[in-house]
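Trainee: Residue strings, one per chain:
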Amino acid sequence: MIKQQEIILPSFKRGFHLITDIILKEIKEMPQTGMLNIFVKHTSCAITINENADPSVRTDFENIINKIVKENEPFYTHNAEGVDDMPAHVKSSIFGVSLTIPITNYTLNMGTWQGIYLCEFRNYGGKRKLLLTFFA
Amino acid sequence: MIKQQEIILPSFKRGFHLITDIILKEIKEMPQTGMLNIFVKHTSCAITINENADPSVRTDFENIINKIVKENEPFYTHNAEGVDDMPAHVKSSIFGVSLTIPITNYTLNMGTWQGIYLCEFRNYGGKRKLLLTFFA
Amino acid sequence: MIKQQEIILPSFKRGFHLITDIILKEIKEMPQTGMLNIFVKHTSCAITINENADPSVRTDFENIINKIVKENEPFYTHNAEGVDDMPAHVKSSIFGVSLTIPITNYTLNMGTWQGIYLCEFRNYGGKRKLLLTFFA
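Residue numbers (the numbering used here), protein chains in the order written: chain A, 8 to 143; chain B, 8 to 143; chain C, 8 to 143.
Because the hints were derived from the structure by calculation, they are not lab data. It cannot be assumed that every hint is accurate.
[Stated by the list, open to error] Here are the computed lysine to aspartate or glutamate pairs in the EDC-like style, where the Cα-Cα straight-line distance is at most 20 Å:
(1) K77(C) / D61(A)
(2) K77(C) / E78(B)
(3) K74(B) / D61(C)
(4) K74(B) / E78(C)
(5) K98(B) / D61(A)
(6) K48(C) / D28(B)
(7) K48(A) / D28(C)
(8) K74(A) / E78(B)
(9) K48(A) / D61(C)
(10) K77(A) / E80(B)
(11) K98(B) / E69(A)
(12) K136(C) / E33(C)
(13) K48(C) / D61(A)
(14) K74(B) / E80(C)
(15) K98(C) / D28(B)
(16) K74(A) / E69(C)
(17) K77(B) / E78(C)
(18) K48(B) / D61(A)
(19) K74(A) / E80(B)
[Said to hold, decoys possible] Derived, one-sided and incomplete: chain B residues facing chain A with beta-carbon distance under 8 Å:
(20) I9
(21) T27
(22) T40
(23) K48
(24) T50
(25) I75
(26) V76
(27) E80
(28) Y83
(29) H85
(30) I101
(31) G103
(32) Y113
(33) K136
(34) F141
[Said to hold, decoys possible] Calculated from the model, a selection of chain A residues having no Cβ within reach of chain C, i.e. all distances over 12 Å:
(35) F19
(36) K20
(37) T140
For each residue, glycine too, the CB sits at the ideal point set by N, CA and C.
The following block holds chain A by itself, in its conformation from the complex:
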């Protein structure tokens, strides 16, 4: 059994955002046992799982990834779409756009402290499309 559902996230500002509840609210029904794949249809944002409690984690994520993948590197050649664009592409591939999460007893089987993050790497990324695929 495979089912797909596309959802559209509201615009988020640049940074890391906990979206577990948004995703759960959009999902109509989950299988008893299975997997959910969340696929981001963009190349300048990403999806990951991390700490769902303390917002300071998300703040630090934004600052450390900006240090690892810097803007304005003198060797960048893909500059036409703004200084945040090329770093956004690289960060997108580092964190990834395809995330598979197990489903048990009709719900996502994540650890107690795990939540789903949208990683918005553009200054003005706009709405973002996610494709959810359930298989059971």
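Since chain A is already given, all that's left is putting chains B and C on it; use the hints.
Mentor: For chains B and C alone, coordinates are given in the frame of chain A:
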């Protein structure tokens, strides 16, 4: 067909550890053709695939990732759980907590030199839970 | 329904290469709705999704990842296979070797600007094996 099995890894010290054999020993049976998803239920360790032969690779992994994601960055605000905690969260999202491996002829179909690593980023991470999902 | 197919990519030079068309040409048929997992059977290259239009993105990818994961770090101990080898292992785990893409209406359901990259991290990586697993 979907089957799930939770396994608990013993405590590993901080670093990269080859756990292919531990996982294979825990698995009761694999389908003839399918996929295995390994999902780490934590936010300060990760799972990845890399070189299964020379232990020096795992040593170098620990040293290079500590250089890329440093402790004690002056801008970190999530410091309450120790200097190894915030870097551990970032490393966890860089390497990822969900890994899908193909199964062929009742066994994992990895390359000759590929093994499964637990990446333990905390100084004292304790036991770690993995959820295995088989689908066929 | 699960089907598997191994494909062999030609040798690519070190760098990031758009391989969407090569993969689509090799695939005999796709299910109406499902998922494709692409699994790289090597530890010194990777697979990722990123911008499919402007080749300057791929050039910048190569330069920025070489800055993040440097060659000739004084602490590297795994040096026997060349200065490009240990960095290649680390980059492989950062970008990943297992990529799952949704299938809708018999084709890959990626965003308009998304393409599949082979990330070749060795100077002379040679031919690379990918295992495709379709499930529906």
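Trainee: Which of the numbered hints above does this structure break?
Mentor: 1, 3, 13, 15, 21, 22, 32, 34, 37
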